[in-house]
Amino acid sequence: MNKIEIAPSILSADFGYLMDDVKSISSECSYLHLDVMDGHFVPNISLGIPVIKSLRKHSDLNFDTHLMLTDPGKYIDEFVDAGSDAITFHVECSDDPFGLIDRIRARNVKAGVAIHPDTPVEMIYPFLEKGAADQILVMSVRPGFGGQSYLAGATERISRIRGILDENGSDAVISVDGGINIRTIREAACAGARLIVAGSAVFKKEDKAQAVRELTEEALKGLS
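Every letter in the sequence shown is one number past the one before it in this note's numbering, and letter 198, counting from 1, is 201.
Possibly wrong hints are sitting among the right ones.
Said to hold, decoys possible - DSS-like cross-link-like pairs, simulated, lysine-lysine; straight-line CA separation at most 30 Å:
1. LYS26 to LYS133
2. LYS207 to LYS60
3. LYS133 to LYS113
4. LYS133 to LYS6
5. LYS224 to LYS60
6. LYS6 to LYS77
7. LYS133 to LYS60
8. LYS208 to LYS26
9. LYS208 to LYS77
10. LYS113 to LYS56
11. LYS224 to LYS207
Honestly, the hints are just simulated from the structure, not real lab data.
Only a predicted model underlies this, so the values are computations on that prediction, with no experimental measurement involved.
Whenever a hint applies, use it, and build me the whole structure from the sequences.
Right, dumping it as structure tokens:
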């Protein structure tokens with residue numbers, strides 16, 4: 004992916020008007036980011052399979068499902084059946100991550116691996132080999148809640164991962180999630196992120212479609 008894609012995170016949407024919020028941004032992006040939290044791996048509980056199923060009936064966006072679960076392998080088939088187009092799990096939460104990637108891909112769904120900001124970046128290195136994963140998600144906040152500030156160390160992580168992917172000839176996409184706004188998105192894009200998750204910077208704005216356009220324009224400045 005050489006272009007910038009914004010993936011609005013519905014964690015920051017108004018759940019009383021969830022489908023309205025999703026429709027409001029659908030003309031400006033191709034992805035929707037779905038944060039699934041179990042209250043164990045992260046200290047919060049969010050949406051689950053029924054919400055994804057309901058959204059799938061009314062949206063053609065690519066569903067980018069981020070599993071913040073202690074045991075992600077237990078629910079892979081359910082999240083695929085619900086309508087996920089990509090599933091990302093945390094490297095910290097699987098005893099057999101490559102087996103889990105194979106299971107996800109066997110369902111014709113893209114497989115991603117995420118890394119917590121407190122985890123040494125070296126833990127993600129095995130997944131930077133060519134063909135190892137479709138997506139690498141760099142958390143730029145401590146996961147669990149929306150509206151946090153971008154962690155300064157995330158940019159260096161993205162840059163290091165981008166360099167290794169390029170050395171290995173991998174076409175895996177770097178995604179970044181957390182603290183993204185009009186002030187931080189250019190930095191993340193310049194470092195190598197191409198699928199950029201934005202929550203409050205989209206769904207807390209009055210004109211959500213315009214917010215996506217402005218974020219995209221600002222990110223593209225990081226590529227010039």
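Hint-by-hint comparison with the structure:
1. LYS26 to LYS133: 36 Å, violated
2. LYS207 to LYS60: 24 Å, holds
3. LYS133 to LYS113: 15 Å, holds
4. LYS133 to LYS6: Holds, because 20 Å separates the two Cα atoms, which is no more than 30 Å.
5. LYS224 to LYS60: Violated - the C-alpha atoms of LYS60 and LYS224 are around 35 Å apart, more than 30 Å.
6. LYS6 to LYS77: 33 Å, violated
7. LYS133 to LYS60: Not satisfied, since the Cα-Cα distance of roughly 35 Å exceeds 30 Å.
8. LYS208 to LYS26: Holds, at about 14 Å.
9. LYS208 to LYS77: 36 Å, violated
10. LYS113 to LYS56: 18 Å, holds
11. LYS224 to LYS207: The given pair, whose Cα atoms are some 23 Å apart, holds under the 30 Å limit.
Hint check: violations occur at hints 1, 5, 6, 7, 9; the rest are consistent with the structure.
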